[in-house]
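Asker: Sequence:
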Amino acid sequence: MTAQTYANFPERDLKVVLGPHINATATKLLRKMSLGMHEMTVGQQEKLSSSRNNGRHGMNALARELQLTVTGEDDRDYLAVYKAESQAHRLQLWITAPFEGSQTTHLVWAKYTDLTQPRRIGVTFKLATSYSSMDIQNILRTAMKVAVDLEADEPFTIKGNPPPRFTKKVKPADEAKPAEAATPAGDETPPA
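Residues in the sequence shown are numbered consecutively from 2, following this note's numbering.
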C-alpha cells in the first residue's frame with residue numbers, strides 16, 4: 002500500500018488526498034505553499050489582478066443563477082477568497098498567489114458543500130497563468146458535479162482525467178444507414 006499524498010488545501014478541517022491520473026507537475030504544486038500576497042512582485046500583482054476580478058465575476062454569475070449570496074474575504078495568503086451560500090448550498094473559491102517570484106502560474110481551488118446532506122462535499126482545482134470568468138464558473142460547476150458523501154473524518158480524493166483509451170470505435174448496425182431509415186416506405190417517388 003502506498004502512502005497518501007495530501008494537497009495543500011486552504012481549509013484545514015477538510016483533508017484532500019491526491020488521487021490517480023494527476024500529473025507530476027500538478028502534484029508538486031498542489032503540495033507546495035504559494036508566495037502569499039506580500040511577497041509578490043509588482044509585475045505579478047498587475048498580471049494577476051484580472052484573475053481576481055474574473056473570479057468575482059464568475060462567482061457572481063453562478064451565484065445569481067443558483068440564487069446564492071456572495072461574500073468576499075480579505076486574506077493575506079490568497080489573491081481572492083469568495084463564498085456563495087444559501088440554505089441548501091455553499092460554494093467557496095480560493096485564488097492563490099504564484100508559487101515562485103519569477104512566474105505567474107497560480108492555482109484556483111473550489112469547494113462545494115451540500116448543506117442538506119451531512120458531509121456531501123466536492124473539491125476541484127485548476128492550475129494556469131490566468132483565468133476568465135467562464136473558467137471560474139466551470140471550476141465551480143465541476144466541484145458541484147464531483148461532490149460525494151464522505152464519512153466523519155474521511156479525506157476527499159481528487160482524481161485527474163484518465164488517459165485516453167486507444168480503442169477503435171465501431172458503428173452499431175442500426176445506425177449504419179440513417180438516411181434510409183428516415184424515409185417512409187410508402188412515399189417512394191421515382192426521380193424526375
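In case anyone wonders, no lab produced these hints; they're calculated from the structure.
Just so you know, not all the hints are guaranteed correct.
[Stated by the list, open to error] Keeping only pairs whose Cα atoms sit at most 25 Å apart, straight-line, the calculated DSS-like set for lysine-lysine is:
{"hint": "1", "residue 1": "146", "residue 2": "48"}
{"hint": "2", "residue 1": "146", "residue 2": "16"}
{"hint": "3", "residue 1": "127", "residue 2": "146"}
{"hint": "4", "residue 1": "16", "residue 2": "127"}
{"hint": "5", "residue 1": "29", "residue 2": "48"}
{"hint": "6", "residue 1": "33", "residue 2": "160"}
Asker: All the hints need checking, so say for each whether the structure fits it.
Answerer: Hints and how they fare:
1. Simply put, residue 146 and residue 48 have alpha-carbon atoms about 30 Å apart, too far for the 25 Å limit, and the pair is violated.
2. For the suggested pair residue 146 and residue 16, the alpha carbons sit about 19 Å apart, so the restraint of at most 25 Å is met.
3. Of the supplied pair hints, the one linking residue 127 and residue 146 holds, its CA atoms being roughly 15 Å apart against a limit of 25 Å.
4. Distance restraint check for residue 16 and residue 127: the Cα-Cα separation of roughly 18 Å lies within the 25 Å cut-off, and the hinted pair is therefore satisfied.
5. At roughly 23 Å between alpha-carbon atoms, residue 29 and residue 48 fall within 25 Å of each other, so this suggested pair holds.
6. For the proposed pair residue 33 and residue 160, the alpha carbon gap of about 18 Å is at most 25 Å, so the pair holds.
The structure does not agree with numbered hint 1 stated previously, though it agrees with all others.
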